[in-house]
Amino acid sequence: MSWKKTADAVVIGGGMMGIATAYYLKKLGVKDVALLEKNTVASGSTGRCAASFRAQWGGELNITLGKACIDRFEHLEEHLGVDLDIERYQNGYLLVAYTDKQFEQFKKNVALQNSMGVESQILSHAEAMEICPGMCVDDAAGFSYYKRDGHADPMISTFAYQEASKKIGVRIEKFTEVTGFKVGDGCVRGVVTNKGAIATDTVVNAAGPWAGRVGALAGLNIPAKGERHEILATEPVDWGVCPTMLMSFEPDYYMFQRPHGSILAGCGPNMYRKEAAPFDDYEMEDSWNFLEHMTGHLNKLLPRTRGIRVVRQWAGMYDITPDLQPVIGEADEMKGFWVNVSGARGFMFGPVAGEMVAEKIVKGSTSLPIDEFHWRRYAEGRFLVEPSIA
Amino acid sequence: MSEAKCCCCESDGSFNLAEMENDTVLCRCEEVTLGTARKWIAEGYDTFDEIKRMLRVGMGPCQGRGCRDILLREISQITGRPVSELSPGTIRPPVKPIKVSLVARDYTGGDKK
Chain D
1 MSWKKTADAV VIGGGMMGIA TAYYLKKLGV KDVALLEKNT VASGSTGRCA
51 ASFRAQWGGE LNITLGKACI DRFEHLEEHL GVDLDIERYQ NGYLLVAYTD
101 KQFEQFKKNV ALQNSMGVES QILSHAEAME ICPGMCVDDA AGFSYYKRDG
151 HADPMISTFA YQEASKKIGV RIEKFTEVTG FKVGDGCVRG VVTNKGAIAT
201 DTVVNAAGPW AGRVGALAGL NIPAKGERHE ILATEPVDWG VCPTMLMSFE
251 PDYYMFQRPH GSILAGCGPN MYRKEAAPFD DYEMEDSWNF LEHMTGHLNK
301 LLPRTRGIRV VRQWAGMYDI TPDLQPVIGE ADEMKGFWVN VSGARGFMFG
351 PVAGEMVAEK IVKGSTSLPI DEFHWRRYAE GRFLVEPSIA
Chain L
1001 MSEAKCCCCE SDGSFNLAEM ENDTVLCRCE EVTLGTARKW IAEGYDTFDE
1051 IKRMLRVGMG PCQGRGCRDI LLREISQITG RPVSELSPGT IRPPVKPIKV
1101 SLVARDYTGG DKK
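Just so you know, the protein sequences line up as chains D and L, in that order.
Number 40 in the numbering used here belongs to position 40 of the first sequence; there are no gaps in the numbering.
Number 1059 in the numbering used here belongs to position 59 of the second sequence; there are no gaps in the numbering.
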């Protein structure tokens, strides 16, 4: 295929954040949109993620965006007009608190969520057992639950955006790695890649964990780096072993069964890695320590999984920001250089964050609030507080 | 070429992959046919990992042992690139499916000492 040397906008990164940004830019009237992906679409963090979406957050901004994302996932195939099944499944996140302090926080979160139209609830032990029969959580202090939280196939969901983007004429260049930028008079002028250069005055850095490295190529300090998290998947088994997203922030774990039968389980690195945080790693290696640790949790929490076989385990990068919240906006130091980084929830937030960034670029304003996510907050000493993360 | 023929189908081993029917099952774990894979390869999903992510080929209990070579040859036929230049995709642990109880830390049941 011939290389086109100009574009009206270039999006870097073929995860959910990037592909959705490219799709909505084109949809909102930007004529020539190119998406650059150094590997293949959905090969980075999105394709390796825990597949889930939720509105059970503890901060208003996250609840607003999480709710909008659920609305979108519930109708994603129709919204995009593609003939794919994203295998959406909604039977809530069942969040487990193990201390009274955590449980008090859950109660505050649920009150805030309820005030914003998210009908989450605090559950008794008996009610939780009805949702996830067979789980072993006698040591829990309490539970919260929102039935519209759920999961979907992250790869097919991203491919749904890819197919819809191709249909409306977004150029998608795989195996295309950004190696530099052209800059002048405080504005971005172009992108340099291993395939050639593209002149453009609008760049969106949606490279997730690699966003810091991509930003550095333009001389910018984008506060996002990688942290390796791991997941395992079992052979498909009959439905009902874990019919909800069973999750706890402390200790950090999550487990759920996908509609095709596999049980997925994962956790953050603090649970099993010997070295201490902060991590700054980009290799996708799987570890025995994780497998041993995570099967231990499965065995304890869902005793029925004992005889089920693990068929694969893998690793992916969380994009870690200083407050673990999204980093979104146009660089103050460089006109036309935008960042759309999710703070480790790109699959979940991408379909809406991508649209908001596209709205901001095209119209100058957004229908949902994202301005607070600008990374100048760190220089100003403001951190966004979100209690509902591990 | 050898004169020997297969005892059950009379094939001399030189069969042409392109002649295999679209309804031939490529991936038995996930029940994916050659025709479905061919459709997506033609749509530009022309690496093993892209087809894996779209169709789950290689994600099942056999972890690609049955389908990997067949799919790579199919990609090669459609794209014209030799198999030796194609990425075989990621091969992940565990090598064989293994029971949760055999690996689990602190497990006190019957399967592990």
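Derived by calculation from the structure, the hints in this document are not laboratory data.
Just so we're clear, the structure is a prediction, and the values are computed from it rather than from any experiment.
Any given hint might turn out to be false.
Said to hold, decoys possible - Simulated crosslink set (DSSO-like; lysine-lysine; CA at most 27 Å straight-line):
1. K166(D) - K31(D)
2. K167(D) - K1096(L)
3. K274(D) - K1039(L)
4. K147(D) - K174(D)
5. K335(D) - K4(D)
6. K147(D) - K167(D)
7. K174(D) - K1039(L)
8. K4(D) - K147(D)
9. K335(D) - K363(D)
10. K300(D) - K1096(L)
11. K4(D) - K27(D)
12. K360(D) - K4(D)
13. K166(D) - K1099(L)
14. K300(D) - K1099(L)
As the list claims (entries may be wrong) - Okay, the calculated beta carbon distance ranges per label pair:
15. P303(D) - N1016(L): 19 to 29 Å
16. T1024(L) - E283(D): 35 to 45 Å
17. P259(D) - P1097(L): 18 to 28 Å
18. W239(D) - E1043(L): 23 to 33 Å
19. E130(D) - T1024(L): 26 to 36 Å
20. G1044(L) - A199(D): 36 to 46 Å
21. G1035(L) - E250(D): 17 to 27 Å
22. I1091(L) - S365(D): 15 to 25 Å
23. N221(D) - T1079(L): 35 to 45 Å
We treat Cβ as the ideally placed atom computed from N, Cα and C, and that holds for glycine.
Item checked: Satisfaction of hint between K4(D) and K335(D), Cα-Cα up to 27 Å -> holds, 23 Å
Next item on the list: For the pair supplied as a hint, K300(D) and K1099(L), confirm whether the alpha-carbon distance does not exceed 27 Å.
Entry: holds, 14 Å
Note to self: A range of 19 to 29 Å was offered for this pair. Does it hold for the Cβ distance of P303(D) and N1016(L)?
What the structure shows: About 52 Å separates the Cβ atoms of P303(D) and N1016(L), which means 19 to 29 Å is violated.
Note to self: Next pair to validate is K166(D) with K1099(L); report whether the Cα-Cα distance is within 27 Å.
What the structure shows: With Cα atoms ~42 Å apart, K166(D) and K1099(L) exceed 27 Å; violated.
Next item on the list: State, for the Cβ atoms of N221(D) and T1079(L), whether the hinted interval 35 to 45 Å holds or is violated.
Entry: holds, 41 Å
Next item on the list: Take a look at whether the Cβ-Cβ distance between P259(D) and P1097(L) falls inside 18 to 28 Å.
Entry: holds, 20 Å
Note to self: Please check whether T1024(L) and E283(D) have a Cβ separation lying inside 35 to 45 Å.
What the structure shows: holds, 38 Å
Item checked: Hint consistency between K4(D) and K147(D) [alpha-carbon to alpha-carbon, up to 27 Å] -> Distance ~47 Å between K4(D) and K147(D) Cα, so the pair is violated.
Check: Given a hinted range of 26 to 36 Å, is it respected by the beta-carbon distance of E130(D) and T1024(L)?
Finding: violated, 45 Å
Check: If you check the beta carbons of G1044(L) and A199(D), does the distance land in 36 to 46 Å?
Finding: violated, 25 Å
Notebook entry, point to check: Is 17 to 27 Å a correct range for the gap between the Cβ atoms of G1035(L) and E250(D)?
Noted result: At 49 Å between Cβs, range violated.
Note to self: Next pair to validate is K166(D) with K31(D); report whether the Cα-Cα distance is within 27 Å.
What the structure shows: Cα-Cα ~13 Å, so holds.
Comparing the model with each earlier hint shows violations of hints 2, 3, 4, 6, 8, 13, 15, 19, 20, 21 and 22; every other hint is respected.
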